[in-house]
Amino acid sequence: MMDALARFQDDLQAVGYVAERDLVSTLDLAVQMRKPLLLEGDAGVGKTEVAKALSRLFDCQLIRLQCYEGLDTNAAVYEWNYQHQLMAIKLQERDERSASDAEKHIFSRTYLLERPLLRAISQTESPVLLVDEIDRADEEFEAYLLEVLSDFQITIPELGTVKATTLPYVILTSNGTRELSDALRRRCLYHYVDFPSFDKELSIVLSRLPNIGQRLAGQIVGYVQGLRKLDLRKHPGIAETLDWAAALVNRKVAALGDDPETVIDSLACLLKTREDREALVPEVSERLVARAS
Amino acid sequence: MAPAEPTVLAQPASPWVTRLVDFVRQARHNGFRLGIQEEIEALSIAERVNISNQQRLRWGLRSLMCCDREDWQRFDELFDRYWLPSNRQSMTESPNRGRIDRGAGLARLASGDAERTADQAEDGNDPEAHDGGTREGASHRELNERSDFRQLQDEGQMQEMERLVERLARRIRRRLTRRQKVKRLGQRIHLRRTIRASLRYGGTPLDLVYRQRRRDRPRLLLLLDVSRSMSFYSYLFLRFARGILRSFKDADAFVYHTRLVHVSEALTGHNLDAMRTRLAVLSAGWSGGTRIGDSLRAFNRDYGRRTVNGRTIVVIVSDGYDTGEPETLSTEMASLKSRARAVVWLNPLLGREGYQPVAKGMQAALPFVDLFAPANNLQSLAALEPRLAAL
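Residue numbers (the working numbering), protein chains in the order written: chain A, 283 to 575; chain B, 640 to 1030.
Since the hints were derived computationally from the structure, they do not count as laboratory data.
It is possible that some hints are incorrect.
[To be verified] Straight-line C-alpha distance at most 30 Å; calculated DSSO-like pairs for lysine-lysine:
1) A:K445 - A:K334
2) B:K888 - A:K511
3) A:K482 - A:K554
4) A:K516 - B:K888
5) B:K976 - B:K999
6) A:K334 - A:K516
7) A:K511 - A:K386
8) A:K334 - B:K999
9) B:K999 - A:K554
10) A:K482 - A:K511
11) A:K317 - A:K482
12) A:K554 - A:K386
Okay, chain B solo, but in the shape it has when bound:
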């Protein structure tokens, strides 16, 4: 139908070529993952579908420029804004005005947190921590790894940290899987059965039979405290949970404050804004105090039998401030521990200097916890990985 390579490439002055390339760049500013290669291919597509045919141009560019469902849902709006005559003026004059703001949802929901964080930041001993401008670069990342989550100031840093936390969660999964594989290869050879198996090959031991203990990959189950006292950390841990859920197929996540909500599905959606909105709805009653014991009881009753078994590592993220009865908490913790492979308690306060786990709730829970670890910065989360693998 069309030639393999579009001839228009040789004439960059052509006005629609400029417009098309400009469109790809606009899309890149709006968070689409596009490079030079896509600019060239966009031209090639336009050539093939005949640029005057708006519908086919839309479909063609959509299939090229979208990388996932989130892009897919935003594309039509972007296309209309750019190409439809009524919007043309505003888009070309001021590219930034027409931007679709991806972070708007977070801005709305996290602004409260950000303000509080600013108040708390007086103890930030690293002056660079307040330089909120840069988004990329290794030095910046290193800084993030040690800085306490509380000291994140603006929305940019918040989002950057959320991304890092999610990536860390995926790395944990890679490590856990690899460890298992290496281990499997390192098992001892089962000599008798190897020789038996070699008989069919005239005595050459071709199929080696290994003696191995079955050891399944752990199944992670997250219980996140989203009460007011945890509000500095909630969104970060939700992103952490999202990373875990997306990389471990059989992981599960719940949030609780006064009651328990199953959030795996809300978290794994592709659209971050929709996820935030849904979570905000789920977490209505945010400030009503924490009932850890009651939430755990609800969990044990409704989900425990199905989701917790000898393969499950239960990870509880909480500061341990419980407004319920400590007895309830210790009973429920005991029953949880009896069924799970291990119980991990991550406490963001533990990383702070001078913190002692003296809260009544914490005291009630500690005897049943296999691993009690801090979780106040990226470094502490990263340090978790080898310890999780060892459980």
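Isolated chain A, as found in the complex:
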């Protein structure tokens, strides 16, 4: 049993996702039980990456539904292709076709534009469905999503009910800007994704930037980890760490201690609000460098 989990972890690493064992265990269960998985955590901890890694691992399609306020069924589920329908009507005017026949033709799947949710349940192979930032969508949409996730079927008034041909692996992410309903939470397995540990972040940096030195990578990660302990408005995520590391490699910095000025200058990669930039005075930065070395 442990071996299977370790293998899953290695497989994920092979497709470029370094995951903690407990997350791997949760993913394994979600895949086995075919339950949606709700990932919560700060921005930049790699929630979206999970879905991408999973689709690479299973070598299947990744269907992404980016949520936003005002997201409606037209954008999320399906829409009729009005222009084509209209053209078809004009063309049919010459044919001797009965009205009901014509209607049937116009409201057939040829004229249906599939949006992510419908696409996710009508594939030949199970895709990964990523519902990104579900907390940004309205409550109404959340309720609708819940219905789709429990029945795996979608009703289109003109066409009838579309049943799922395959069940997608569903990953939902949330930043916690809005409280999600208990019903949705209970439908899903839950995992809280924290900022990565030192070792995990180090191995991420090393795997993404292979030609960075072990020493510099360690310092960078140590610095960022120290930064996350400060009382900042927005803590840097993994993507920020990678950006920063790439910037430093570009500038041919060999060690953080050598070049404090470049460190300060390149902090724009890590700190993205004015308050945070002002809070991180050079002395604090030097202390972080010293501790990271």
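Chain A is fixed; fit chain B onto it per the hints.
For chain B alone, coordinates are given in the frame of chain A:
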């Protein structure tokens, strides 16, 4: 790897099945949101991960049983208490002894309030208001809607009311949003542009163009008075603010007594106990009198430019007892009003019989207030919603 449905379900006598189900129930007693479905799925997970593997069982059950970060942080402790051999005895013998008390923080902080409330409750004309036992049921809720916040007696009622207030705040948001949507649909058609747009479809007006006045959803900004004279109401309004903050992405909240503190982040955390502790720290100096005018000046100076614009409705919750200069208050109110879309003043005292807003502070502020409303029970808060939407 494992079969789709665990076969153990057929043998309920198996001791670990009983223990597992018991664990789920214990968790439910501790405030986790779990039902029969979760009991079944817990068994299914245990089957899949091999029950002898403690670590994987822990992770598996955690992903199933937790619904949010708060659960997530409490889970390990609960798991250890129940499953680790040293604690086993105490847990099984007396389920209640091992409970993690969610309300402990409130009990500590609100006990002062509760005592005072008890003293004040002699004018409670509704005898049922003192029946603190029941937690649920429609009749109880109805009672709460009319009863003054001051008359809440015990901690149970207090928590119930806090929950109701938070839910109300979310409902306000739903209503405000819907109103805007309906309005948008109801706008008049812009005929010329519709016809122009129909040209590409051979004259069939397919895309309707609407004539509409842009009207943005209001942005709410709350300024809460947490001074001693408001202490009966402080926690309730903080919960109200929490509800507002969680449902309006761009809302902001501040508390003040002698100085002003930005509390949006403290309020939106998932852990209620941590929130209370942080707020208690923020509000140190609780009893030093209220300086509304000075607090407003601090607000206008430090935050006003960034947070107040033509879309902002500023909601001030205070009884208007100001120990500072009334002139300062009226100057600052004038400057606030000049920038905001509207200024609302909620006064918990206004709902009491025979109250007149004669306090000097109140008098100084009133000319700049667009909506002056009571806020002493749920009903008055609910009545606020249509009036907010109209501003």
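Results for each hint:
| no. | hint | result |
| --- | --- | --- |
| 1 | A:K445 - A:K334 | holds (25 Å) |
| 2 | B:K888 - A:K511 | holds (26 Å) |
| 3 | A:K482 - A:K554 | holds (24 Å) |
| 4 | A:K516 - B:K888 | holds (16 Å) |
| 5 | B:K976 - B:K999 | holds (19 Å) |
| 6 | A:K334 - A:K516 | holds (25 Å) |
| 7 | A:K511 - A:K386 | violated (62 Å) |
| 8 | A:K334 - B:K999 | violated (62 Å) |
| 9 | B:K999 - A:K554 | violated (45 Å) |
| 10 | A:K482 - A:K511 | holds (17 Å) |
| 11 | A:K317 - A:K482 | holds (27 Å) |
| 12 | A:K554 - A:K386 | violated (54 Å) |
In this structure, the hints that do not hold are numbers 7, 8, 9 and 12, in rising order.
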